[in-house]
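Colleague: So the sequences go chain by chain: H and X. The opening residue of the first sequence carries number 0 in numbering that gives the first Met the number 0; numbering runs sequentially from there. The opening residue of the second sequence carries number 0 in numbering that gives the first Met the number 0; numbering runs sequentially from there.
Simulated from the structure, these hints should not be mistaken for lab results. The beta-carbon is built from N, C-alpha and C at its ideal position, and this holds for glycine as well. The reader is advised that the hints may include incorrect statements.
Which residues of chain H face chain X? A few of them, derived with a C-beta cut under 10 Å, are [said to hold, decoys possible]:
1. Asp20
2. Trp32
3. Tyr37
4. Trp40
5. Asn87
6. Glu117
7. Val130
8. Ser150
9. Lys153
10. Gly160
11. Lys177
12. Leu217
13. Asp230
Below, simulated BS3-like cross-link-like pairs (lysine-lysine); rule was C-alpha separation at most 30 Å, straight line [unchecked claim]:
14. Lys244/H x Lys277/X
15. Lys314/X x Lys190/X
16. Lys225/H x Lys292/X
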Amino acid sequence: MKILVCISKTPDTTAKIAFTDNNTKFATEGVQWIINPYDEWYALVRAIELKEKDPTTVLHLVNVGGAENDAIIRKALALGGDEAIRVNIESQDSFTIASQIAQVAKDGGYDLVFTGKETIDYNGSSIGGMVAELLDWSYVSLATKLDIEGSNVKLTREIEGGEENVETSLPLVVSAQKGMAEQRIPNMKGIMGARTKPLKVVEPVAAEALTSIAGFELPPAKAGVKLVPADNPEELVRLLHEEAKVI
Amino acid sequence: MSVLVYIDHTDGEIKKSSLEAASYGAQLASQLGVAAHGLVLGTLNAELSALGKQGLQKVHQVKNDSLNQFDPGQQAAMVAEAVTSLGATVVVLSNNVTGKALGPRLSARLRAGLVAGAVALPDTGNGFVVKKAVFSGKAFAQVAVSSPIKIIALTPNAFSVSNGDGNAEVADINLTVPAAKIKVTGINKIKGQIPLSEAELVVSGGRGLKGPENWGMIEELADLLGAATACSRPVADSHWRPHHEHVGQTGGAVAPNLYFAVGISGAIQHLAGVNRSKVIVVINKDPEAPFFKAADYGIVGDAFEVMPKIIDSVKKLKGK
Ligand SMILES: Cc1cc2nc3c(=O)[nH]c(=O)nc-3n(C[C@H](O)[C@H](O)[C@H](O)COP(=O)(O)OP(=O)(O)OC[C@H]3O[C@@H](n4cnc5c(N)ncnc54)[C@H](O)[C@@H]3O)c2cc1C
Chain H
0 MKILVCISKT PDTTAKIAFT DNNTKFATEG VQWIINPYDE WYALVRAIEL
50 KEKDPTTVLH LVNVGGAEND AIIRKALALG GDEAIRVNIE SQDSFTIASQ
100 IAQVAKDGGY DLVFTGKETI DYNGSSIGGM VAELLDWSYV SLATKLDIEG
150 SNVKLTREIE GGEENVETSL PLVVSAQKGM AEQRIPNMKG IMGARTKPLK
200 VVEPVAAEAL TSIAGFELPP AKAGVKLVPA DNPEELVRLL HEEAKVI
Chain X
0 MSVLVYIDHT DGEIKKSSLE AASYGAQLAS QLGVAAHGLV LGTLNAELSA
50 LGKQGLQKVH QVKNDSLNQF DPGQQAAMVA EAVTSLGATV VVLSNNVTGK
100 ALGPRLSARL RAGLVAGAVA LPDTGNGFVV KKAVFSGKAF AQVAVSSPIK
150 IIALTPNAFS VSNGDGNAEV ADINLTVPAA KIKVTGINKI KGQIPLSEAE
200 LVVSGGRGLK GPENWGMIEE LADLLGAATA CSRPVADSHW RPHHEHVGQT
250 GGAVAPNLYF AVGISGAIQH LAGVNRSKVI VVINKDPEAP FFKAADYGIV
300 GDAFEVMPKI IDSVKKLKGK
């Protein structure tokens, strides 16, 4: 079986969110970059587990972006995976990124494509579904469990207020979230090994962006907290009822 | 030209998030001066003509039980066919669990730009620009959609349900039903609980509550208020509470009218999942807890002393 895991680079969860160029660009100065947590903790680790169970599995990673992404790709390779592919194009919108990944998936003859449930920067949760549609494959999103038996795949996905068990077959695109696997910390052997794993750079296919970002804004600052004394919690209930009118 | 709203349903009822999408779609349609239609795939108990209250003029339905099992590939093909045959130029759906699977497929299929997680009506004065939350609620982006057909996936609980007195015309629509590739084999729903993603009120607990045995007060307050329960990440990681209650940057994102946080420090990753709540209340014994900076109301105090009094007071308020 051939598995492809999509790896996105995102700002660290504690990064200061600010904008430049008249609020049209994210201010990257001083920002630490990480592998998008959903891609790393859930999608990639589950794929690694599948390879550990069946060592004949081929596991590749894919990233869409410039050479500045290579450090993050090597970090992901330190966790696992045989090689990585970077499609050399500045990412524009979800559709252009998905078009690149779909092409890589098609060319490489993969059976299973993993994404994280969303990236923590653009929160689009779009790439997996778009890739699936472009390939005409099944798509199970927000999955918390995945097991493969031959070409049959059993998954659990989130629904409102619970979960649903589903069955489908390969080829398949899955978006992974909490429950799918447990976060792993790369070890020394992994980090050393990642340096020599192949990182192939491929040129993009033509794809037109459907959306663009016209500008950013920060939410209005909070007015400040109204503190209620601890010996009079009844006052809090009154305020929520009469002033905030939420209960 | 029309706005087509995809109506999502479960257990025979229209989801609240879809009533929001219908209200949004109808207001957008009047902004554009076009008709607002709905599309229902599957069978319901609910009376579809009632979608007129949200402002839809006509609801098209494919009455087929098998469509109650959700396969986003199958449904994307059907919605795309409906978009073409009805001449819709904007598709509105909720960015709920269904919309997150269906929206992107539909977008790629129709080559229609998708705004996933819209929080306001588009600005159509100059182009088509939709506001959405980015950086896990820490900022907003104005997204310009350039394709002829546009898809808007509306964030749940970001737009209020309108309740007029219209009546929608309901009609069957004939669409090709492709074979489903996904089979639902079991459903595991926690009975009687309000789904976190749809909740207007949320009571949430953190590590300050010391252990799962102390969640009685969280559940009791939630019960009294008709609220859903949530928790911080370490609480879910320690299996004090189920994973689906975990909110924050790496869990669920919520935007209720009230987020009531007890014994949660308010780490930046936690705030990322709750910062779009309308009112935030924080109960924490540490006056330096970062959560107070993001809160509207707070009590610096021991949850074990404060919470029983709050519960009593809410009981009185509710006449219980
Ligand atoms: C990449 C990354 C992603 C993350 N994603 C998330 C996420 O999605 N969601 C999330 O929640 N966290 C996330 N975290 C973890 C986050 O950084 C915090 O560690 C976590 O939110 C802390 O949870 P807590 O507030 O429950 O516990 P603590 O930080 O231990 O805080 C407990 C609080 O309870 C108070 N307290 C103690 N006793 C009492 C009492 N008797 N009465 C009242 N108050 C009391 C304390 O003063 C303290 O403020 C993430 C971290 C990283 C690095």
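Colleague: Could you run down the list of hints and mark each one as holding or not?
Modeller: Now for the hints, and whether the structure bears them out:
At about 14 Å, the closest approach between the beta carbon of aspartate 20/H and any beta carbon in chain X exceeds 10 Å, and the interface hint on this residue is violated. For tryptophan 32/H, the interface hint is violated, the least distance from its beta-carbon to any beta-carbon of chain X being 14 Å, above 10 Å. Interface hint status for tyrosine 37/H: upheld, as the beta-carbon distance to the closest one in chain X is roughly 7 Å, under 10 Å. At a threshold of 10 Å, the smallest CB-CB gap from tryptophan 40/H to chain X is about 8 Å, leaving the interface hint in force.
A hinted interface residue such as asparagine 87/H counts as satisfied when its beta carbon comes closer than 10 Å to some beta carbon of chain X; here the least separation is about 22 Å, so the hint is violated. The beta carbon of glutamate 117/H is positioned within 10 Å of a beta carbon in chain X (closest approach about 8 Å), and the interface hint is therefore held. Interface restraint check for valine 130/H: the shortest CB-CB distance to chain X comes to about 8 Å, inside 10 Å, so the restraint holds. The criterion of a C-beta within 10 Å of any C-beta in chain X is not met by serine 150/H, whose closest approach is roughly 12 Å, and the hint is violated.
At its closest, the beta carbon of lysine 153/H sits 8 Å from a beta carbon of chain X; the interface hint therefore holds under the 10 Å criterion. At about 3 Å, the closest approach between the beta carbon of glycine 160/H and any beta carbon in chain X falls short of 10 Å, and the interface hint on this residue holds. The closest approach between the C-beta of lysine 177/H and any C-beta of chain X is roughly 5 Å, which is under the 10 Å cut-off, so the hint is satisfied. Checking leucine 217/H against chain X by beta carbon gives a least distance of about 5 Å; that is within 10 Å, so the hint holds.
Given the 10 Å rule on beta carbons, the hint for aspartate 230/H holds: about 8 Å separates it from the nearest Cβ of chain X. At roughly 11 Å between alpha-carbon atoms, lysine 244/H and lysine 277/X fall within 30 Å of each other, so this suggested pair holds. For a cut-off of 30 Å, the pair hint linking lysine 314/X to lysine 190/X stands: about 23 Å separates their Cα positions. Between the alpha carbons of lysine 225/H and lysine 292/X the distance comes to roughly 10 Å, so the proposed pair stays at or under 30 Å and holds.
Consistency note: the structure conflicts with the earlier hints numbered 1, 2, 5, 8.
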